[in-house]
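Visitor: Spelled out from the first residue to the last, the chains are:
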Amino acid sequence: MIQFLSYLLNGISLGSVYAIIALGYSMVYGIAKMLNFAHGDVIMIGAYISFCAIQYWNLPPAIAIVLAILVCTVLGIVIERLAYKPLRQATSLSVLITAIGVSWLLQNIALLIWGANPKSYQSLVGFGSLTLFDGQLHITSETFITIAANIVIMIALTLFTGKTKMGKAMRAVSEDKGAAELMGINVNATISMTFAIGSGLAAIAGVLLCSAYPVLMPTTGSMPGIKAFTAAVFGGIGSIPGALIGGILLGLIEIMGKAYVSTELGDALVFAVLIIVLLVKPTGLLGKKIHEKV
Amino acid sequence: MMKYKKPSRNFITYAGVILVFLLCELALSGAVPFFKMTRSLKGQLVPICVYIVMAVSLNLTVGISGELSLGHAGFMSVGAFSGILVSQYLLFAFPDANLEVLRLILALVAGGLFAGIAGVLIGIPVLRLRGDYLAIVTLAFGEIIRNLINCIYFSVDGRDLNFAFLNPNLPGKLLINGPMGATGIKKLATFEVGFLLVMFTLIVVLNLINSRSGRAIMAIRDNRIAAESVGINVTKYRMLAFVISAALAGMAGALYGLNFSQIQAVKFKFDTSILVLVFVVLGGIGNIRGSVIAATVLTVLPEMLRQFGDYRMLIYAIVLILVMLASNNPMIKSMLSSIIDVFKRNPDKEGKDA
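Listed in order, the protein sequences are those of chains A and F.
Residue numbers 1 to 294, in the working numbering, belong to the letters of the first sequence in order.
Residue numbers 1 to 354, in the working numbering, belong to the letters of the second sequence in order.
Hints are not guaranteed to be accurate.
Claimed, not checked - Derived coverage of chain A by chain F (criterion: at least 3 residues anywhere in the stretch with Cβ under 8 angstroms from a Cβ of chain F; other residues may be distant):
no.	stretch
1	68–80
2	93–106
3	109–115
4	227–233
Source of the hints: derived by calculation from the structure; they are not laboratory data.
The C-beta atom is built at its ideal place from N, Cα and C for all residues, glycine as well.
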């Protein structure tokens with residue numbers, strides 16, 4: 001029972017990381033209608049920046065995190081300007097391939113700068129752990145902080161998209177780009193802003209992910225990236241609560257599957273559940289229903 | 001979107017492939033001075049054939065049938081491991097018989113067959129979905145296949161074939177060893193067989209496109225509802241394209257597997273699917289000849305860039321992004337189409353614009 005509780009917390013914690021990454025995917029998809037495959041690699045860059053800040057430049061953890069967020073935000077805006085903006089009118093497949101190109105580019109830049117050897121990441125949010133039930137249940141500070149960060153980010157983003165002018169502009173652009181432009185919304189600035197927020201979140205996710213699973217390589221971001229993308233689709237791509245639910249469910253299924261079914265089959269289970277959900281609800285759990293007009 | 005191609009135009013594709021094959025054979029024989037192949041390029045010959053088959057078969061799904069598939073490497077791995085299994089089983093069960101040709105043919109057939117069966121099983125749920133959702137489900141299936149192959153164990157004991165799931169303790173010699181993959185494979189793949197497989201794939205795909213079924217498939221791609229309303233069985237034709245594409249990928253996988261002495265399921269992860277998709281998009285969606293050229297050039301390119309050392313893949317990525325940006329730039333696009341028009345007016349040079 002206590003073992004179950006510990007898996008539950010681990011699952012929610014891992015799921016929170018997926019949810020934060022999935023938000024980036026979901027927002028970008030909602031606005032630019034593109035699958036940003038380079039998102040997973042922005043996570044990796046964020047993790048490397050914070051790693052360098054701590055290890056080489058001896059900065060305090062808080063500043064390291066802020067630095068990682070700043071670098072990733074700028075990176076997100078630059079990627080959008082240089083690689084995606086010229087392709088606004090292009091087919092979605094061309095944009096997808098460009099995103100893959102950007103993903104390879106980021107991985108290879110990381111490979112050249114930091115090398116292929118895995119770095120062992122020193123947790124930025126480790127303050128010890130809480131022990132309950134006579135030492136049977138350990139909860140690390142990483143678990144707490146990841147879940148807390150997820151809650152804070154979700155509330156902040158919901159308020160942002162609901163109350164602020166920029167957030168409303170984002171929703172308008174994702175609803176109808178042409179009409180939004182006619183209403184005087186600066187579409188390019190809105191899309192840049194979306195990439196900035198998504199990439200900033202990716203940096204946070206990178207720090208949290210590597211604090212919990214401390215192996216850092218140029219390919220660290222790709223698998224969590226794919227899983228978070230799955231989570232975004234799972235919950236209904238384009239929806240903020242959908243990303244939250246999708247991410248947490250995915251994390252829970254992965255941890256529970258690895259614990260109770262088989263370690264090797266954990267990932268297969270995650271994807272199998274995704275397929276079943278999509279067959280029952282083809283646009284994800286909270287996705288909008290698409291009506292087909294003839 | 002795509003022009004209807006007369007069968008005579010396909011002749012250029014066949015002739016081009018045969019010509020390149022003959023040139024390669026000439027270079028391999030070393031008869032002509034200054035016209036020899038480097039060792040690394042020689043090693044790329046079978047993979048080039050494999051990637052051509054992969055790109056052409058994926059183009060059938062993405063270009064002709066209009067469904068974005070991100071799990072093509074999954075079918076390749078099914079084909080690779082079933083092909084290796086058949087070939088290695090025959091090798092150990094009948095050690096005295098000299099069955100090289102039969103083993104190779106059976107391996108390719110088994111690879112195509114099992115990948116085709118996987119295509120049917122995956123196609124049933126996948127083809128109910130559309131667009132990006134279809135893409136993510138094919139991605140998911142690709143990852144599931146890779147995960148499952150990491151859990152299966154096959155061994156041969158005398159003439160008995162033993163199978164176990166998640167349990168490596170089998171009697172006899174292990175042929176497929178879970179996460180360790182297949183080891184001790186007797187290499188069977190040759191460039192000549194690769195060439196024959198490429199020709200087979202081209203004949204199947206080009207004839208399919210120019211057949212009644214192919215026109216039905218393209219009609220569904222262009223407008224599903226209109227196609228349905230003129231009495232085309234949508235499910236049947238989408239399935240047909242998907243399964244043929246899967247089976248061809250399986251055969252390519254079998255050839256790929258038999259080109260190495262050992263292989264793991266990791267080889268067929270998501271990145272491989274993406275790589276093949278890049279070939280298809282850069283070659284031109286729906287353009288079979290383009291897929292052949294792109295697969296060849298982009299497999300050779302990293303070898304050519306070897307002198308740049310660590311910067312090799314960086315340059316590859318930058319080239320990819322620049323090509324995508326350039327091919328979607330309206331100015332360059334209009335320039336290109338005017339150049340193509342010049343060639344079109346001169347029918348002698350028609351083959352060079354692709």
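Visitor: Work down the list of hints and note, for each, if the structure agrees.
Guide: Structure-based check of each hint:
With a cut-off of 8 angstroms between beta carbons, the stretch 68–80 of chain A has 0 residues touching chain F; three or more are needed, and the interface restraint is violated. Taking a C-beta to C-beta cut-off of 8 angstroms, the stretch 93–106 of chain A contributes 10 residues in contact with chain F, enough for the three needed, and the coverage statement holds. Coverage of the stretch 109–115 of chain A by chain F holds [criterion: at least 3 residues with CB-CB distance below 8 angstroms; count 3]. For the stretch 227–233 of chain A, the stated coverage by chain F holds: 3 residues have a C-beta nearer than 8 angstroms to a C-beta of that chain, and at least 3 were required.
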